[in-house]
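Colleague: Sequence:
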Amino acid sequence: MNEILRQEYLHTLGIQSYYPRKKLAGAPLSTVMLTPESEAQLKPASRDEKAPSLVQTRAALQDKKQSKSDDDKAGLSARSTQPIAEARFQLAFIRVSASILVMILLPHTGDRNSLNPPQRKLFINICRALKIPEQDLDFSIKVFRWPFSEAAHLDKSAAAAQAALFTYLAQLQEDHKITQFLFMGSSITELVSAAVDSDLHICRSLDEMLKMPALKRETWQVLRQLASGD
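Note that the numbering used here has the sequence shown beginning at 1, numbered continuously upward.
Hints are computed from structural coordinates only; laboratory data are not their basis.
Some clues are possibly wrong.
[Stated by the list, open to error] Here are the computed lysine-lysine pairs in the DSBU-like style, where the Cα-Cα straight-line distance is at most 30 Å: (1) K177 to K216; (2) K156 to K142; (3) K131 to K211; (4) K131 to K216; (5) K177 to K142; (6) K216 to K142; (7) K216 to K121; (8) K216 to K156; (9) K142 to K121; (10) K142 to K131; (11) K121 to K177; (12) K121 to K211; (13) K177 to K211; (14) K131 to K121.
Just need the whole structure built from these sequences, with the hints factored in.
Modeller: Spelled out as structure tokens, the structure:
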């Protein structure tokens, strides 16, 4: 209700809602107490004075974020520079001509140390398409298996695998007069590339071609190029 209407309503009813202050007889005068205002109260705070606090807070947050980002980058860099702890693989070797040696990546698991029937059939069919007779294929070269042993003291790192493979391939080159290599695989391409000190070609693995037959044409083209240049 409006205050003016309320006062008029109470006045009409004869109700006095406000009693004016009266001085009591003989009462001493009230002492007026004035509290001095401080300089800080008299001077209003400006935006410029508040700004440094906000700027400092943002700067602190930025520093914290930058520090965390640097720590994350340092951790990532440390992880990326760590060498591969262990390498495990097998390589089967097949001579397809007097100077061409094919290296086929095999799983390290199990006791299998040569091509399984589907892999062997696929490889022979690819060679037949290139007019390479099956009887000319030499499967006699021993499989390279890494690590050689599961002994705890043996270094099983990728660096050790590369050094051992380099020595093994160098001996094969000397014994069989190999001048060109074809590596069929993908997971250890860098390791094999570093170990081969000769002309190296790379294509899909037999397992990849068995899963995706369309890849056979790519391998056939690589082998044809090698065979024509032999």
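Colleague: Against this structure, judge whether each hint is valid.
Modeller: Hints and how they fare:
1. K177 to K216: The hint holds at about 28 Å.
2. K156 to K142: holds (20 Å)
3. K131 to K211: Roughly 24 Å between the alpha carbons, so the hint for K131 and K211 holds.
4. K131 to K216: holds (16 Å)
5. K177 to K142: holds (16 Å)
6. K216 to K142: Satisfied, since the Cα-Cα distance of roughly 25 Å is no more than 30 Å.
7. K216 to K121: Holds, at roughly 13 Å.
8. K216 to K156: Violated - the C-alpha atoms of K156 and K216 are around 33 Å apart, more than 30 Å.
9. K142 to K121: It holds: about 19 Å lies between the C-alpha atoms, which stays within 30 Å.
10. K142 to K131: holds (25 Å)
11. K121 to K177: holds (27 Å)
12. K121 to K211: holds (14 Å)
13. K177 to K211: violated (34 Å)
14. K131 to K121: With a Cα-Cα distance of about 15 Å, the restraint between K131 and K121 holds, given a limit of 30 Å.
In summary, the structure is inconsistent with hints 8, 13 from the numbered list given earlier, while agreeing with the others.
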